[in-house]
Structures are given as structure tokens and as C-alpha cells.
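Residue numbers (the working numbering), protein chains in the order written: chain A, 11 to 153; chain B, 11 to 153; chain C, 11 to 153; chain D, 11 to 153; chain E, 11 to 153; chain F, 11 to 153.
Be aware that one or more of the hints could be misleading.
Claimed, not checked - Using C-beta positions, here's what the derived DEER-type ranges look like: (1) 33/D with 126/E: 51 to 57 Å; (2) 101/D with 84/C: 30 to 36 Å; (3) 32/D with 44/B: 56 to 62 Å; (4) 101/D with 121/E: 43 to 49 Å; (5) 118/E with 34/C: 34 to 40 Å; (6) 88/A with 118/B: 37 to 43 Å; (7) 88/A with 40/F: 57 to 63 Å; (8) 34/F with 119/B: 54 to 60 Å; (9) 139/D with 36/C: 55 to 61 Å; (10) 119/A with 32/F: 40 to 46 Å.
Stated by the list, open to error - So the derived list for chain A, only partly shown, Cβ under 10 Å to chain B, looks like this: (11) 45; (12) 55; (13) 91; (14) 123.
In case anyone wonders, no lab produced these hints; they're calculated from the structure. For every residue, glycine included, the Cβ atom is placed at its ideal position computed from N, Cα and C.
Number of protein chains: 6
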Amino acid sequence: MKTVYITRREHFNAAHKLWRPDWSEEKNDEVFGKCSNKNWHGHNFYIFVTVKGKPSDDTGFVINLKDLSKIMKEHVVEALDHKNLNLDVPFMAGILASTENLAIKIWEQIEEPIKEAGGELVKIKLEETENNYVEYFGGNEPF
Amino acid sequence: MKTVYITRREHFNAAHKLWRPDWSEEKNDEVFGKCSNKNWHGHNFYIFVTVKGKPSDDTGFVINLKDLSKIMKEHVVEALDHKNLNLDVPFMAGILASTENLAIKIWEQIEEPIKEAGGELVKIKLEETENNYVEYFGGNEPF
Amino acid sequence: MKTVYITRREHFNAAHKLWRPDWSEEKNDEVFGKCSNKNWHGHNFYIFVTVKGKPSDDTGFVINLKDLSKIMKEHVVEALDHKNLNLDVPFMAGILASTENLAIKIWEQIEEPIKEAGGELVKIKLEETENNYVEYFGGNEPF
Amino acid sequence: MKTVYITRREHFNAAHKLWRPDWSEEKNDEVFGKCSNKNWHGHNFYIFVTVKGKPSDDTGFVINLKDLSKIMKEHVVEALDHKNLNLDVPFMAGILASTENLAIKIWEQIEEPIKEAGGELVKIKLEETENNYVEYFGGNEPF
Amino acid sequence: MKTVYITRREHFNAAHKLWRPDWSEEKNDEVFGKCSNKNWHGHNFYIFVTVKGKPSDDTGFVINLKDLSKIMKEHVVEALDHKNLNLDVPFMAGILASTENLAIKIWEQIEEPIKEAGGELVKIKLEETENNYVEYFGGNEPF
Amino acid sequence: MKTVYITRREHFNAAHKLWRPDWSEEKNDEVFGKCSNKNWHGHNFYIFVTVKGKPSDDTGFVINLKDLSKIMKEHVVEALDHKNLNLDVPFMAGILASTENLAIKIWEQIEEPIKEAGGELVKIKLEETENNYVEYFGGNEPF
Chain A
11 MKTVYITRRE
21 HFNAAHKLWR
31 PDWSEEKNDE
41 VFGKCSNKNW
51 HGHNFYIFVT
61 VKGKPSDDTG
71 FVINLKDLSK
81 IMKEHVVEAL
91 DHKNLNLDVP
101 FMAGILASTE
111 NLAIKIWEQI
121 EEPIKEAGGE
131 LVKIKLEETE
141 NNYVEYFGGN
151 EPF
Chain B
11 MKTVYITRRE
21 HFNAAHKLWR
31 PDWSEEKNDE
41 VFGKCSNKNW
51 HGHNFYIFVT
61 VKGKPSDDTG
71 FVINLKDLSK
81 IMKEHVVEAL
91 DHKNLNLDVP
101 FMAGILASTE
111 NLAIKIWEQI
121 EEPIKEAGGE
131 LVKIKLEETE
141 NNYVEYFGGN
151 EPF
Chain C
11 MKTVYITRRE
21 HFNAAHKLWR
31 PDWSEEKNDE
41 VFGKCSNKNW
51 HGHNFYIFVT
61 VKGKPSDDTG
71 FVINLKDLSK
81 IMKEHVVEAL
91 DHKNLNLDVP
101 FMAGILASTE
111 NLAIKIWEQI
121 EEPIKEAGGE
131 LVKIKLEETE
141 NNYVEYFGGN
151 EPF
Chain D
11 MKTVYITRRE
21 HFNAAHKLWR
31 PDWSEEKNDE
41 VFGKCSNKNW
51 HGHNFYIFVT
61 VKGKPSDDTG
71 FVINLKDLSK
81 IMKEHVVEAL
91 DHKNLNLDVP
101 FMAGILASTE
111 NLAIKIWEQI
121 EEPIKEAGGE
131 LVKIKLEETE
141 NNYVEYFGGN
151 EPF
Chain E
11 MKTVYITRRE
21 HFNAAHKLWR
31 PDWSEEKNDE
41 VFGKCSNKNW
51 HGHNFYIFVT
61 VKGKPSDDTG
71 FVINLKDLSK
81 IMKEHVVEAL
91 DHKNLNLDVP
101 FMAGILASTE
111 NLAIKIWEQI
121 EEPIKEAGGE
131 LVKIKLEETE
141 NNYVEYFGGN
151 EPF
Chain F
11 MKTVYITRRE
21 HFNAAHKLWR
31 PDWSEEKNDE
41 VFGKCSNKNW
51 HGHNFYIFVT
61 VKGKPSDDTG
71 FVINLKDLSK
81 IMKEHVVEAL
91 DHKNLNLDVP
101 FMAGILASTE
111 NLAIKIWEQI
121 EEPIKEAGGE
131 LVKIKLEETE
141 NNYVEYFGGN
151 EPF
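Here chain A stands alone, though its shape is the one from the complex:
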């Protein structure tokens, strides 16, 4: 049996803004544009988590998707769904709520739980709109 990659999608709807309190309103607007609107805006985010491994002889699974989905719901969806990324999320405190930074922090929440479930997290894809998304491989650079 050989290495296979399996991916699970979950989603959450959240508010955020891109804003630095140590910058003037003009500077925030110049850099972040309409994303700096002080009263927030929001998105339907889609999070894709990829785990790699050899399918088990017992189950044919790299990881049981019930387990992976449960981890994603507990550590990502519950923390972020219908929340304000700047105000309501402990693991984003003090961090600019860019999609890039959010992907890195989500990785930190689920890497260990996935390992405990017998899987190896290798990729997160975080889609903010149908026109933009980020991918994070734990800092690795496959290409």
C-alpha cells in the first residue's frame, strides 16, 4: 500500500477587518483598502484539511473522516463560525486577521489532534472568496 492524500472540507462564516491601531486611518485605508472598514465585513470561509498516509489494511482509510471532521469542528469551526476573527478568537489575539495568518494559526490548532488520531497533517487550504485562497504546508515549500 502506498501514500494517499485525503482532504476534508468544512466551512465557517466570520467577520473581520484588516486594521492596525498603530497606523492612521489614512494609512490603514491606503494599505488595506475597503478591508479596513472600521465596522467590519465578513466572509463565508471554506477550510480544506489534507492528511497523508498509507491506507490501513483494516479499514482502507488514511484517516477516518469522522475523526478528521470531528477535529475540524472542535478546533476550527467551533472557534471561528459566526465569530469576529479580531475580537472573539483567543488564538488570533494580537495578530493581523489576514487569510495567511489565519491559515498558519489554524494549522497550530489541529496538527497535534490529527497526530493523536494517527494522521499526518500536510496541507491547509483556506478559501476566503471564490476569487482568492491561501495554502499552507506547515512552512514547507513543495513548489
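Starting from the known structure of chain A, fit chains B, C, D, E and F onto it as the hints suggest.
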């Protein structure tokens, strides 16, 4: 030539919450659930506007999509994109920011401009997530 | 306040076959083609349920989507998800498992519960593949 | 048994331009914008054809989708796929190649064959891009 | 000219179940959940096949998509469409019908025919639902 | 901070044909099939551009998507949207208008502008239809 319906899609990303200040936090939570999160949440909204009419002999158009798109951008996208539906939008002031109410108010913004451009607005579809949307026919009930 | 239509999507994955035991294998194959494969095949079905009404002054809702989703999960998803439409579903017993018939029977399961929740069911859309779907208006013919 | 609507999707990729030879280049550009580019442009079109009827007691079908698909392939896809709508399509000769006009002409090609197959054509939806589409009900106005 | 990757999508609708005959019903249910339903369930599967190579000076192609599509239809779609993955598919006999295992076995069916057509198979993506898919690189681990 | 990949999608609608003037019509048809239709055909193309880098401490961005979008619009969309790939595009002159070749030439247009904006272009995905796309990593072979 016979009646044809033409639809244009635009999108906007906005924050909102479902919350009544005259209700307790418990009552708000009971009715609106996680949509009542006091620090807001948000969505990628898709707005579909349908105009009906007979294709022009001159152009083959019911309405020029450049004109329809311009109307939607000026009256809907500019007003709602990267905004807070409860705080930033004059035409939503004092109104519960449900998808239903938002669709009705959007109709009011664009019905007249579309008429001035020679078209007849007959339907708005407002998609909040891939799992829910509302349709509004100006109060008419085609089915 | 004027009439608005609101739609909720849920999904279920099911097996079925199109097969009449009173027909020969040749006749079944001639009419139903590969859909008559005796060992079944299956689909990811998407069910869209539309309720119409006037938005409530209290909530801005035609119907609370939490309630609509709960009705759909109890009466449709629980009955059909990861099931065999021909063998496992009491309300489909003795009925050809075409998408058309399935839509009609789903309507019968949810019309009353939706009415009890204060809503009026007006449309079901049942998508079998990205290339085909049926719509059912309770037997009405809006067009 | 009650009336159900069934829809089949097919697609075709075609070139066209919006251009009137009796207008100047300036006038064409003013009205049709970049759609008037003299060397053509093109789209992936999706055509959705809806037939209504009562499901047959024998088959559970409003119309056999194999038959509907065959009609669409013979009369629409074969005529339009990888073609130039202005130059290669007899039934579009002398007609402005707008999406509206194309939908009307497609209706004329398939209404009779669908009737011969026992079905009643009630709607065509023709999608030009993910941001615009037209609907045609044979000239009827359901809303 | 430099290496380019080209991908073709095809689809098939199939029934399956996750079930081990050497396990009790309880054990099957505990591990495989509703996927173990004894009367089967099913999915609309999408298969994406990626071939890499340098575009030919003669054709601009890495591989002619007509050839790639033909290989996929002969070796994958014909074998799996409207079939039961556990009962009807020789190359899946005796193998747990997980998405992971199915991807590995599909690779074995098409690697050689693609090579004979002058291409190099480098990736299979097999989508079971919009919420989960597997990727297989022939056992390689690009990340 | 670690390496993140960010992707922006834009689209353009264009006409083209696959045709070699030094080949007979028969030979063109044999190799390119209906894509060789002499009067052209067309597509809605989607272009995805991926930039990698470490999120800036100042902005949380790998690259400001406003800048990336502007580069794509100036160098790709303006050059290709509502154009004929064979006739209207200087950087495609004399080159077979296959999706593979187009991806390679698009890379050449935007690699330098992205570098000047502080980013590193690592991948282009060019989608011609929902059934086929190419990926280009600047000639690199990540898998």
C-alpha cells in the same frame, strides 16, 4: 419577438448580526442562535437581478448588461460591499438585517434606476451561503 | 411587508436502481438503460426546499432556517442519507425510485411539519447530478 | 400523479460577436463594448432545458432523460458546439447573436422534437458566464 | 519548451458500502458508521487525471485530450459508472471500497494506457462529495 | 513566520482555434478535431495565479491582493478578454493557441511585474472548461 428574462450576478462581502436591542441576550440567542453573536459575523453574498422584456430589434438585448451591471454596482455593491449591514447602510437603518429584509430593500434601490434604463425588474435572488438564499418578486407570488 | 421566498439546501447520498420486477431484464435495460443495473448505483442528491411568506416583524424571517433545517434533517436526510431508496425507505415502498417520484414523496413528508412551524411549502428542487434535476410545486403549474 | 418539472443540462463552446454591419465601428463599440471585437470572442455555454408533465405510471418519468439528452445533442450541441454563432449556424443566420436571441432560436429547434417524444417544453435557461444568463418560457411570462 | 501539467475530469455514479464480512455488524457500524449500511449507498464521483510533459512543437499538446478522455472512459467510466463498486468491478474484487483504495486501483488501470499514448500519469484526484476527496501520486509524496 | 501560498482568480472570455496552416484541412481535423473549426470557437477561461512568500509582519500579507489583481488585469485580462487568441494577442503571435502554450506565455507576462511587487510567482492554473485545465510551475516539476 417574445418576452425573455435576463439575469446579472454581482457580489459583496458584508458583516451583520441578527439582534434586537429590545430583547434580552437570552431571547436573542434563543431566536437567532449564533447569528446573534454581538461582535458580528459575515458572508460572501451573491445578488442576482432579473429583468424581463422583449429583445430589442436594434441590439438583441432585453437590457444592456453594461447598464444593468452599472446600476447594481452603484446602488447595491457600493452600498454594501465590505460594509456592516447594521451600521453602515442608510437604507437598512432600523431594520432587522435578515436576508429577507435585505432583498426587499435592495429591490427598492434598483427598481427605479432599472426602469429609467428601459427595463422591468421582476426578481431578486440573494444568496447568503451555498445552503440558503431568498427570492423576491416585488411582493408578487408567481408560485 | 411583502411575500418573500426562502430556500434551504440539504444533501444525502443514496443508492437506487430503476427496475420493474414485472418486466424482463431486456425490457428494463431498454427503458432504464444503465440505471437498471441490478446491483444498484448511487448519487449525491441535493434537496432544496422553498417556503414562502411575509417576513415577520419580530424576526425579519419568513421561517427560522434552524426550524426548516431541522424538519429537513428529521424527515428527509435521516430517512434517505446512506440508504437504498428501493429497500430502506418506508415512504418509497412499492414506488419506482425515479427522481420525479422521490420529489413527490419528499413533499408529502415535509408539507405538514412546515405548516406546523408556520411556513408554507411551495417548491422542492431535487438535484441528482449536476446535469439533471426535478422541480415540484405540489402539483401546481406556475409555468 | 401530479405535474413535475425535469431539467437536463448540456454544454457547448462557441465563438460569436455582437456587431451590426449597418453601424459604424464607433457605434458598434458604443453599444456592444468589447463584445463587438471584430475578431470574435467566445464562451462555454450551458443550456438547461425544462420539460413538464405527470410522471408515467410505467416508468416514473416525465420524459426519459436519454431521449431528452439525445434531442438536445442532435438539435443544439451538434449545431453550436465549437462553432461560430454568427457564421456557422443556419438557424442564427441574419440574427444578432445575443444570448436572448439564441435562447429563442434554440426553443424553435427543440419544441417539436420534444413534443414528438411525448414531452412539453416549458423553459430554456442559457448561461453565458457565471455572471449572466437568460431564461425563456416560449414567450410566456410566469412572473 | 517546459514541463506543463494537464488535467481531464470525467465522472461516474456508483454504489458501494464500507463493510468487512469478518467483522460483526456492531464493529462495522462502529468503524464505518452509516457508510456500512448493508443495502448500499452511492455517490456522484468525479475523477481528475493529471498528465505531465513538455508541449509538443507539432500540436502544443502535452497529450491530446481526446486520447486521454478515451482512455479514462474505456478503463474507468465504463468499469465504474452505474455499477456497484463491491460487486460489479473486477479490479476491486476483495478490496475494501474506500475512496483511497479506489484511487490506487484506478491508477493501475490507466498508467500503462497513458504511457502508450505518450503521456506520463502523475496524479489522480478522486472526489466523492463536495466535502471530501483523495489525491494519489502513484505513491510519491510531493508534500 | 513561514511560507504561505496565495492565489488570485481572474477570468477572460476569448476565441481561438487549433489550426496549423502548413497542414491540410484533413490533417488539422484528424489531430485537433472540432477545435480546428476554421471559424473559431471560444471559452470562458479562468486564470489562477499563485505567489509564495512569508507573510509580512506589517500587513500579514504575502502580497497585497490589490497589487496582484492589478498585475493580472493589466497583463493578462486586458490582453486576452474578448479577444481572439490567434489574431489579437501580440505575445501569442506565431504560437499554437493550446491551453498549454497560453499558460507558458502568461507566465512570461507576469513573472517580472510580480517580482517588482515583491512577490514570487510559483504557479499558474488555466482552466478552459470545467472538464480540463493546465498547471504550469515555470517549468519546475513538483510532482
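Going down the list of hints, with the structure as the test:
no. : hint                         : in the structure
1   : 33/D with 126/E: 51 to 57 Å  : holds, 54 Å
2   : 101/D with 84/C: 30 to 36 Å  : violated, 50 Å
3   : 32/D with 44/B: 56 to 62 Å   : holds, 60 Å
4   : 101/D with 121/E: 43 to 49 Å : holds, 45 Å
5   : 118/E with 34/C: 34 to 40 Å  : holds, 37 Å
6   : 88/A with 118/B: 37 to 43 Å  : holds, 38 Å
7   : 88/A with 40/F: 57 to 63 Å   : holds, 58 Å
8   : 34/F with 119/B: 54 to 60 Å  : holds, 59 Å
9   : 139/D with 36/C: 55 to 61 Å  : violated, 45 Å
10  : 119/A with 32/F: 40 to 46 Å  : violated, 59 Å
11  : 45                           : holds, 6 Å
12  : 55                           : holds, 9 Å
13  : 91                           : holds, 7 Å
14  : 123                          : violated, 23 Å
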